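So the sequence lines, in the order shown, correspond to chains A and B. As numbered in my numbering, residues 1 to 318 make up the first sequence, in order. As numbered in my numbering, residues 1 to 279 make up the second sequence, in order.
Hints may contain errors.
[As the list claims (entries may be wrong)] Derived pair list, reagent style DSS-like, types lysine-lysine, alpha-carbon separation capped at 30 Å:
hint, chain 1, residue 1, chain 2, residue 2
1, A, Lys50, B, Lys85
2, A, Lys187, B, Lys253
3, A, Lys240, B, Lys83
[What the hints assert, rightly or not] Cβ pair distances, simulated, as ranges:
hint, chain 1, residue 1, chain 2, residue 2, range
4, A, Lys151, B, Cys31, 45 to 51 Å
5, B, Asp189, A, Glu318, 48 to 54 Å
6, B, Thr268, A, Lys145, 31 to 37 Å
7, A, Asp300, B, Ile64, 40 to 46 Å
8, A, Ile299, B, Ala91, 41 to 47 Å
9, B, Gly243, A, Glu126, 28 to 34 Å
Calculated directly from the structure, the hints in this document are not laboratory data. Since the model is a prediction, treat every value here as computed from it, not as a measurement. For glycine and all other residues, C-beta sits at the position ideal for the given N, C-alpha and C.
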Amino acid sequence: MSTIILDFEKPIVELERKISELREHAATTGVNLEPEIKKLEEKLQKLIVKTYSNLTRWQRVQLARHPDRPYTLDYVKRICSQFMEVHGDRHFADDKAIVAGLATIDDQKVILIGHQKGRKTKENLERNFGMPHPEGYRKALRVMKLAEKFKRPVVAFIDTPGAFPGIGAEERGQAEAIAKNLFEMAKLRTPIIVIIIGEGASGGALGIGVGDRLLLLENTWYSVISPEGCASILYHDATKAPLAAEAMKVTARDLEELHIADEIIPEPPGGAHRDPDQMAAVVKERLLFHLHELQQIPIDVLIEQRIAKYAAMGSWEE
Amino acid sequence: MVDWFQRTKKGLLSSEKKVIPDGLWIKCPSCNEYLYKRELDKNLGICTHCRYHFRISCDTYINILLNVFEEFNAHLKSNDPLKFKASKKYADQLKQTMAKTGANEAVKTVKGKLGDHSVVLAVMDFNFIGGSMGSVVGEKIARAIDLAHEQHLPLIIISQSGGARMMEGILSLMQMAKTSAKLAQFHDDGGLYISVLTDPTTGGTTASYAMLGDLILAEPGALIGFAGPRVIKQTIGHELPEGFQRAEFLLEKGFIDVIVERSELKTTLIKILDFFKNE
Ligand SMILES: [Zn+2]
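Chain A extracted, bound-state conformation:
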């Protein structure tokens, strides 16, 4: 169960606690409280539906960043029968903010890459909070080239607050590394499925995020800059991030309306963190569905469709 509770989750958690107290009371005293418990459970279901169908964009951003939310390796553990992690960009280092490996999902062998955040302070530092350096993008490209060579599809899990803004990152060509990946992924001769599982911030997300399908979990965000970054530029005040999230239309549903998303994957009631097993089962099913579909398409047609898809993105007046 969740240890961190967001403001809008509080009434739900409160009610859940009450129900379990009643249960305990009934068990220890032998008093029949079933009718009351049933009533509260109905109330709980209604409350959950009401709360989560009316979330603001900012609340969805908070869910996308929930510290208990499943990360890439949490999905790997649940959906892959085999996974062998591989390391390093062969030039500079192994960036732990991006994981990569040889993965088997049912009968499908895929190259899996993904941003990886840490759970505790030590792991978070090791993972750099899921903010990659250039070597992370170069590692991802290296294994994607391997996927192309041996005709294995690529599955990319996106979950990053952004590419790291630091001295080393700039010295080693953060911009070049991301640009190169966009260029190479656009024409990589194997199917690519991109799935946003949490945060999709800017070029840091897109750097491993060009593909044939873009799937987004329901409570995720993906935009050109973080709401805080946008707020600090436009309002000179990062605390106005909720307003920026509204203005930039950053949620999965927004991306569907803007014809960027190919599919929105519903989350369990209350969000992915409240039932990671169920979430992973759904993710697995949707990945397999799209993998099978994409593998029917001849590779030249697939690349043509991929480039045409990106060529059509945007909105303007002729």
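Once you've looked at the hints, dock chain B with the ligand against the given chain A.
This is chain B with the ligand only, laid out in the frame that chain A set:
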């Protein structure tokens, strides 16, 4: 689809004033010498004392480089897809910027003659919302790549941009993928693309087409990077090293081919075009 516009050289020169501040004398921010404005203009915005490169307009670049040219897709305009409103309305900002610059967007795309070479040239315009890339900039760049591709012409892009445009959210981000995908196709068919980086080239522009040139040139002293220096300073909590993210720094780190003074840009480009031209 391509809509050709003929612009005269006379009309181009007048907009230059918007970049170099008005008044007869201008103080050089690098050496603090006072420069006579007309001299500075004649010298392509380069300080005669210290060679500091003032920012110049996109029209001036076109003017410096091309003998004759025709602009295309000048009519493309943003339709404010998000109905974006923060401290001000994006729609108003667009209107005001169009009135101020006389342009519809932050890039001009032209086909013309650079010496003897027919080329497709795209020049970004920092005066138009910081040269930011939204849907229209991405689309115009994509169409410029397509035109170069179809007509087997070399492509030159001069970048001058703070990055992707926030006011079009995810659509701006996707322009990075769009332009890079187009360049990938162009590249595979043997197209020549020269990227020229001027001050500043940062964010999503750097992390897409600006860094994808077969050759990458930069003006001296130009700020070039992914993250802006302010953000980096905030993140790491101390001052940045001298010359960090300047063209000379990128040259040293191996990310650009050559630094070219603006006065040498035309001859350098012609040399490259001559070299790669198939007889
Ligand atoms: Zn000077």
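Each hint, compared with the structure:
A C-alpha spacing of about 28 Å is found between Lys50(A) and Lys85(B), which places the hinted pair at or below 30 Å, so the restraint holds. For the given pair, Lys187(A) sits about 28 Å from Lys253(B) by alpha-carbon distance, which is consistent with the 30 Å threshold. Taking the CA atoms of Lys240(A) and Lys83(B), the gap is near 18 Å; set against the 30 Å cutoff, the hint holds. Evaluation of the 45 to 51 Å hint for Lys151(A) and Cys31(B) yields a failure: the beta carbon distance comes to about 59 Å.
The supplied range of 48 to 54 Å is broken by Asp189(B) and Glu318(A), whose beta-carbon atoms lie about 27 Å from each other. Between Thr268(B) and Lys145(A) the beta carbons are some 33 Å apart, a value that agrees with the proposed interval 31 to 37 Å. The hint said 40 to 46 Å for the Cβ distance between Asp300(A) and Ile64(B), and at roughly 42 Å that hint holds. At about 43 Å, the beta-carbon gap between Ile299(A) and Ala91(B) stays in the expected band of 41 to 47 Å.
Between Gly243(B) and Glu126(A) the CB atoms are about 31 Å apart, so this pair conforms to the stated range of 28 to 34 Å.
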